[in-house]
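Fit chain B to the given chain A structure using the hints.
The lines below spell out each chain.
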Amino acid sequence: MSSQGFKSGVWEQEINVRDFVLKNITPYEGDDSFLVGPSAKTQKLWDVCKEALKEERENNGVREIDTKTVSMIASFGAGYIDQENETIVGLQTDKLLKRAMKPYGGFKVVQKAVSEHGLEIDPVVTEAFSKYCKTHNDGVFDAYTDEIRKFRSLGFLTGLPDNYARGRIIGDYRRVALYGINRLIEGKKADLEGITGPMTDHTIRLREEVAEQIRALGEMIKMGAAYGLDLSRPAETGREAVQWTYMAYLAAVKEQDGAAMSLGSVSSFLDIYLKRDIDNGVITEEIAQEYIDQFVMKLRMVRHLRMEAYDQIFAGDPTWVTESIGGMLADGRSKVTQTSFRFLQTLYNLGPSPEPNITILWSDKLPQGFKDYCAKVSIDTSSIQYENDDLMRENRCSDDYGIACCVSFQELGKHIQFFGARTNLAKTLLLALNGGRCENTGTLMVEGIAPLEGDVLDYDAVVANFKIAMKQVARVYNESMNIIHYMHDKYYYEKAQMSLIDTNPRINIAYGIAGLSIVADSLSAIKHAKVTPVRNEEGLTTDFKIEGEFPKYGNDDDRVDFIARDVVEHFNNDLKELRVYKDAEATMSVLTITSNVSYGKKTGATPDGRAAGIPFAPGANPMHGRDTHGAIASLNSVSKINYKDSQDGVSNTFSIVPKSLGATEGERVNNLVFALDGYFGKNAHHLNVNVLNRETLMDAMERPEEYPQLTIRVSGYAVNFVRLSKEQQMEVLTRSFHDKM
Amino acid sequence: MESKPLNVHSIESFGTQDGPGIRMVVFLQGCNIRCKYCQNADTISLEGGTLTPIDDLVKRAVNMKPYFKNIGGVTVSGGEPLLQADALIPFFKALNAEGINTNVDTNGTVTTEAAKKIISEVSDLVMFDVKHTTVEGFEALVKARGLKKVIENIELREQSGKPYWLRYVLVPGITDSDESLEWLAQTFGNNKHLDRLEILPFHKLGEHKWEMLGEKYELQDQEENTQENLDRVEAYLSKTFKNLVIK
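These protein sequences, in sequence, are chains A and B. Take 1 as the starting number for the first sequence in this note's numbering and just add one per residue. Take 1 as the starting number for the second sequence in this note's numbering and just add one per residue.
One chain only, chain A, in its complex shape (with noise of 0.2 angstroms):
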């Protein structure tokens, strides 16, 4: 036993959480029934951030602007919504939704943000980041190659994270209160001291990093501090357990702001120390309810400063803090406890939201009484997504893992992940198509691509030239990759988040794909119907003259399914041969976020009948209208991209009408749960489940006001529907919603 009243084990002498968890989980069985409803506490401050997220949505998306102060851990002090009822404290700033300045990912961006909203930053910040400090976006810029800039703008690589701060990065927010802060910082001196010389490049970023990392653990404790809380010890109560996991995180969004700035696993950690103070009698289940529902509040408050821009990446206003829940422990028991339950309970006690972004990670050895809670909150709220928790755990090896941003795989406290946006595959198709040139503008991007003989476009033909430009692209893409990551180590290095990693974690680089239905479906086209290009003056392709039936991916039809899968194990292959900064292992992910609109306007019109301009399919998604045999056989097709050729993950969008769903309510619970262990049982990936009448989509377009809470999943996050653009909400809109009865 330890000093707290826990089981003994090596947590005990070494930094190591999963141990702890291991140890000390109480796996529930049960159902829903024990849940409570909001505290009055609970309900009081939901009612002043409801209020603030009015006057946020009011004016034009952003509440206040401090711009004066440059977000570091501790540059704040402490900040309340209602402090009176708040049982976990703490903001980013010193007041609720206010957003910081976070300039070191790239100031321009900053001033950017800043000036859309009619402000103007301090002079004084302003000389500091013109003249003295150089940014990670500087430092990319001047390295970049001539081709580099060429392949960005003309779209073939689009959202790299160059001018925005890479994240994915998840920090081991349990360790802070599991051992405290001195403990944390005693461990990473000691690995200072072991590392030694000869000092080549390796070791000397090393040794900087963790004593940066040294450095953050300090101002934690600073940070903490200022809300009156002592972070340099363990935390000695379930509230504190909550407050000291909290806290860290808050360390993290102070300093960072990463696309995606995931939570990780932390709902059975604490429920470890939310059972011991039930069953101690020391709390109630409606003051353990309230721990998380007001940590889960905190959590949706969360904001990054972002320009306009930004939201054709990564559409209406999102923040990925993921916190993944469920999944099996290696020894056979399921890590769902009461607390899993607890988290997913905030979507009834504050309503919908689509942060946290609450991941499922699913077994078909989960029990039955949480598959079906959560069946029935994805029918209620369409604000979860899903995981193949059996597929992850025995292809990557660990049962403590988190989902970095989206659906990527990161085992927890062990491993990061460089962030690597995605190419635009369906272009590259095209170069295979144009002689190596752009077919929007005619620039040459890939030598040595021969232009297509005759008229009909000869399958093995195209296949040869589709694969010298996606060697090509893989190169470029692999080069600007390392120069990003390379910079944002040395100019934007995530302190906080890394001081609560093992030194010298595995890193993975998580490269990515965008328009896999359109190139499977353009090469079934070329291959089972007769395609001959319409071509400008130039030689260009400008549209395609279809003649005869082919077979549509979506329809669980080998003969174009498998093209997919092989698309993607090939491209997969390209990008492993590439020597990677760090010697980070490349993966893959077939993910869009909401890019897929964007990668649509850049990309002309595509052999499989697609006209110019139009929107690609989100994801792994076949495109929208082709999935005539309905979602069955539309999340078979997709079943069969093979996750370890795409160990980033694959992502897919599944919408459905309530009615289509079941009869009965039973029924719609009882068939989604099938659904789910059914696409997962066939080794399937990722998918987001919207259960949502297109109507009330169509009504919340015309009166927003009356939607302010509609969430609606989109490709590995979820959005409140109303804070997307117009063009956004239509996409989401024409795609394919399974609605037969």
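No false leads were slipped in.
One-sided and incomplete, this derived list gives chain A residues near chain B with beta-carbon spacing under 10 angstroms:
{"no.": "1", "residue": "D556"}
{"no.": "2", "residue": "N636"}
{"no.": "3", "residue": "K659"}
{"no.": "4", "residue": "S660"}
{"no.": "5", "residue": "G662"}
{"no.": "6", "residue": "E667"}
{"no.": "7", "residue": "D677"}
{"no.": "8", "residue": "F680"}
Calculated directly from the structure, the hints in this document are not laboratory data. Glycine included, C-beta positions come from ideal geometry on N, C-alpha and C.
For chain B alone, coordinates are given in the frame of chain A:
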């Protein structure tokens, strides 16, 4: 021996309305009656459809097995599926051999030997769509005779001891009289193997399909059910039918 192919109109892989669990619903082409409210008017004609080898359909169903668990399966609907009963027998046997549950959604008016064999023996579940409760009403609504055959076929299934469902489309002023409800209760209320009665409130979702076919949709001005009416029907029928579902 090569099995006869089925003439398929379309496939819905996520069927949740036509039998228990998640089902692959195969809509067959061609019907022997013309219900005024038909929501799949494009399946009525015996022309058209795609001749599909049974092996292809079985393969599709096998791909869906993880979704079925021990509840879902394959439902054959239409059109009137029992018009192709000859080809359905080997199809259902092949599905059973793969451990997949079978269900046929029929209007109950087909009395060929093969159709009777499916009803009494081959299909794991049968859903009979009872169109009307009087001979005159039946013939006016579906433009064909057959209520007697429907009753005989239901009795055949009841005698076989295997489970079946009944479905009844509730059209205000046409099928919802007190007499109709009473007839349903009296005729089927004591049947031991009737697992569920589904009341399907009339809706006009199929109207556009008639328009597309250039044919007249006769129920254009027909009113839909009020909640009050549905409550009345539920209150009455639930006294007799244990598993009553109003959809």
